[in-house]
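J.: Position chains B, C and D relative to chain A; hints supplied.
There are 4 protein chains.
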Amino acid sequence: MPDYAAILKEIAEVVRPLTAEGKVADYIPELARFSRDKFGMALYTTDGQMYTVGDAGERFSIQSISKVFTLVMTIRLVGEALFSRVGKEPSGNPFNSLVQLEYEKGIPRNPFINAGALVVTDELLSHTPDAMGDVLDFVRKISGSPTVQYDLAVAASERSNGFTNAALANFLKANHNLKNGVEEVLEAYFYHCSLAMSCEDLARAFQFLANHGVMEQGGPRLLSESQAKRLNAIMLSCGFYDEAGEFAFRVGLPGKSGVGGGIAAVLPGKWSVAVWSPAINRQGNSVAGMKALELLTTLTGESIF
Amino acid sequence: MPDYAAILKEIAEVVRPLTAEGKVADYIPELARFSRDKFGMALYTTDGQMYTVGDAGERFSIQSISKVFTLVMTIRLVGEALFSRVGKEPSGNPFNSLVQLEYEKGIPRNPFINAGALVVTDELLSHTPDAMGDVLDFVRKISGSPTVQYDLAVAASERSNGFTNAALANFLKANHNLKNGVEEVLEAYFYHCSLAMSCEDLARAFQFLANHGVMEQGGPRLLSESQAKRLNAIMLSCGFYDEAGEFAFRVGLPGKSGVGGGIAAVLPGKWSVAVWSPAINRQGNSVAGMKALELLTTLTGESIF
Amino acid sequence: MPDYAAILKEIAEVVRPLTAEGKVADYIPELARFSRDKFGMALYTTDGQMYTVGDAGERFSIQSISKVFTLVMTIRLVGEALFSRVGKEPSGNPFNSLVQLEYEKGIPRNPFINAGALVVTDELLSHTPDAMGDVLDFVRKISGSPTVQYDLAVAASERSNGFTNAALANFLKANHNLKNGVEEVLEAYFYHCSLAMSCEDLARAFQFLANHGVMEQGGPRLLSESQAKRLNAIMLSCGFYDEAGEFAFRVGLPGKSGVGGGIAAVLPGKWSVAVWSPAINRQGNSVAGMKALELLTTLTGESIF
Amino acid sequence: MPDYAAILKEIAEVVRPLTAEGKVADYIPELARFSRDKFGMALYTTDGQMYTVGDAGERFSIQSISKVFTLVMTIRLVGEALFSRVGKEPSGNPFNSLVQLEYEKGIPRNPFINAGALVVTDELLSHTPDAMGDVLDFVRKISGSPTVQYDLAVAASERSNGFTNAALANFLKANHNLKNGVEEVLEAYFYHCSLAMSCEDLARAFQFLANHGVMEQGGPRLLSESQAKRLNAIMLSCGFYDEAGEFAFRVGLPGKSGVGGGIAAVLPGKWSVAVWSPAINRQGNSVAGMKALELLTTLTGESIF
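Residue numbers (the working numbering), protein chains in the order written: chain A, 1 to 305; chain B, 1 to 305; chain C, 1 to 305; chain D, 1 to 305.
Please note: incorrect hints may appear among the correct ones.
Each pair may be met inside one copy or between any two copies, as identical chains are not told apart.
Said to hold, decoys possible - Keeping only pairs whose Cα atoms sit at most 30 Å apart, straight-line, the calculated DSSO-like set for lysine-lysine is:
#1 K105 with K23
#2 K179 with K23
#3 K23 with K38
#4 K38 with K105
#5 K270 with K179
#6 K291 with K38
Bear in mind the hints are in silico, worked out from the structure with no lab data behind them.
Just chain A, with the same shape it has in the complex (with noise of 0.2 Å):
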């Protein structure tokens, strides 16, 4: 078994430095604030152990990182049917188009550009009493970290500038492709995105997809091992927007990023990762982030190719 350890220790001299590189999003003022100096990074294994370094232990903005949260949910509630709504397919283009959603009639390539998320989210509103307040119990449930929070000035703050968001809602409610209401839907989207995380509580909340479906040793089964195998998959395909290639080919890990920093990913049967740094590519994957996956992947010689 690696020294994964000292490995996180390496990286993290190696890539601080890249901190100084990228823009931290400021679309919102509430993203802005946080420093480009942040660098965190939790590892945690399948037998138990968690490795931290850096500010692994502060908690930012996930942003899309709920896209898997709420993705999952809705794949316990409804099964595959989802996927009648919504496809699998990776995008090629930026996450948040409006071009190939109109090619494609209102059916979103995938649950992880925003357009497709806003479908996830449609659906568990049609089977949750209270869409906030569940999502908000499950994270809790599967980080163990029952202090997990919504960021309302964030939430606030995305809604007040969501127009790009609020053009792909009324796209697919023109298309039939929303049940609920443009608003209703608008406002919870933002809400979970606004779910304020540390790398360790990431970490410990991607445990399940690293263990075939079952949250810790001993735990309770969330998805079953198929099911979890293709939520996997997707991560893979879809999970970096138009940079999923790339990060498939440098790092080989499903995941998923956030335009806030962050980034988790698992490695099946062994690991769960999450790292955080704020200052993102053009892409809007975190350019310290990526490099610290990259460099996990290569000095542990562990992947899933």
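T.: Chains B, C and D only, in chain A's frame:
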């Protein structure tokens, strides 16, 4: 270790009826001549065991599976410099689309769409004195089959009907992403696609990708460990045209399909596999072949996820 | 001079059977209530003669024909500065397409596709204290009909079903090409589209475009000669969605159609004309109306070409 | 009647400085050899008066203006049946785009984009024993200039660099919208584009389009009145690539431009006109030529609108 022999036998029984679905490619008569009843499968473990079922020893037109061989040869010659001329992102479009190529100014999205393979062929032509002979030698070497051959009738027929590929090659040339002559590149490309191999040939030939770059136990290294990992990543992201996500979702193996009904895939560290059944779906992938590989990962419980 | 009275009579006879073709717009019930049997036509010469046939005096929902009125009002206020926010090229896409808008970074192709009309409305809102009242006053003045009104039921119904327009407005806002609030612009836009006018009203209201910018003999100048010419050019290039070429080809007049089945057009120096029949073709243009105008130019031997 | 001689003189003075703007086409050396200082203009009235200024007698490469001649010849042979193979809607895309062609399954948007002209050439080839000779004869007849010639150096150079056109022709063939051989169609197409004519030649050759289909006073009818009107409509909608709207807006005449810097246009019932200045803008239209025609309609107060 799973009982591969029994599993292959079970798979063959289950998928036989599926050979009645889909459509044998008939855009050239030389492909239409194969009977849709054919089904073969060969699995070759990294410790040297070969398991076969059905028509695993019969040769067929491997078509686009050859793109893996020319890509590997080119990477051996020029390394990652190749990726300044061709991307590595999934395409989300049919394999022969011109649209993406125009939007992206003549840089094909990845090496497995036709435009990308033409660029790879072009690069190969610039570095080998005899691209036709060298590719044949390489494939014979890695498959251990000195009788592997081009099917000249297939090559000639593709050549005289290949207007879409000619459109792509001319467009690449217009965008200064083709160094050699249009006709020269097309001719080499059609030759490579015409390679006739069996499932057994292919399972052996793909072994080095299951074996982290090394041909077989004690054999020569063809790619570095990192290169082998990256090639598998490209196969997973891009190996199945606009059905790459579906294949990852259902099967969960890096692989490459061809319009002749063949699919080759690998599970790194464990085995390489090839399957063949001529009838293909609308996306160009073998119907029975896709199902056979899905069953393989389900019944063995083995996949990269 | 052609015998316009006889020609209109002949046209009405010939096109009556065509009212059975096409489909009355039914995306809101308020439009579906019009009988497909209706047909009316009014021709108003620059020397002040009005010729009518059929239901030329009955008011209907002019819908997108209103885009001409708001465009003229905005050009009167800001001149050609408007064209930094909206183009003047034909679109070649359906009137409500988001695709082009994304590729062109939020600058609508022309003022007559919906996105372009939303920008025009937005600019108008920035320069008039009471856009709803001012537009109504202007249309009453140029049509000489003080009883022209908004149809509040139509406006309300469009508002509650207008998800595609809401998508467009939000996307414009996201691209910083909307100065006022999304809701405010949409509300004004839907009001303007709800104007109810008759063929006679429209023939009078379009007179100034047949008259090089002057309202009627001795009337006030509304646009400079150059502005009137340019407005006619935009109508010819862009007035019929993705059927602009077909209309120029068959009819050869600058004009504008609406989904309510109305079309208004002009022959500069000679006359303005309006025609109405509710059933529309797949492109959104009145079937009988298109044919009526084609016959008008054929039977009179008059067109701009 | 305006004083055309004085107006042409004034135009020449005003636009001379504009010959310094834009860029002489240099994708083949034979076009780059023309001096950017050239400016010529010829106006030919329907009552037979010719007015010229500057280099109106010098021959240049008419390039895409030739598309009008082959279209007229083809319509004379097959009538509107041609429009089952090619549309008549404006394109909104660059003249050599493949994107639209793929979305529209190989039916070019109109006869004046390159793909459309290739289809017209193909249709012509199917109906004339000697397309090269017949086109030359036709152009000599309608221009009254028996010395008009192909420029063989231009044709040869286009042929050896015409990769984009070869891509288009192959794509048309792949979509079953080319009856003759790819090479045969390309060769004829490049010959037609290489025609060398002067402004005087062109003004005469376009006269029949100003004259409702009749060549000159007392001359033969080339097109029916309706066909002439429709051809003018196509020129207005589609004659200037993705600048058709701008040209209609600023100039207001049906016309056709070529990358050699020539533009021919007509005012039905009054005159035909040709202008030439080699430097072109980004859309491929002569900078000084566009301005000259804008001034012509402004100073004469004559346009179709």
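J.: Please go over all the hints and tell whether each is borne out by the structure.
T.: Evaluation of the provided hints:
1. For the homomeric pair K105 and K23, the shortest alpha-carbon distance between copies (22 Å) is at most 30 Å, but the shortest distance inside one copy (34 Å) is not.
2. Taking the shortest alpha-carbon separations for K179 and K23, only the inter-copy value of 27 Å comes in at or below 30 Å, while the best intra-copy value is 37 Å.
3. Proximity of K23 to K38 under the C-alpha cut-off of 30 Å is restricted to the intra-copy arrangement: shortest distance 13 Å within a copy versus 51 Å between copies.
4. For the identical chains of this complex, K38 and K105 are neighbours neither inside a copy (41 Å) nor across copies (33 Å), given an alpha-carbon limit of 30 Å.
5. For the homomeric pair K270 and K179, neither the shortest alpha-carbon distance inside one copy (39 Å) nor that between copies (46 Å) is at most 30 Å.
6. For a Cα distance limit of 30 Å, the shortest separation of K291 from K38 inside one copy, 15 Å, qualifies, whereas the shortest one across copies, 47 Å, does not.
Of the hints listed earlier, those the structure fails to meet are numbers 4, 5, in rising order.
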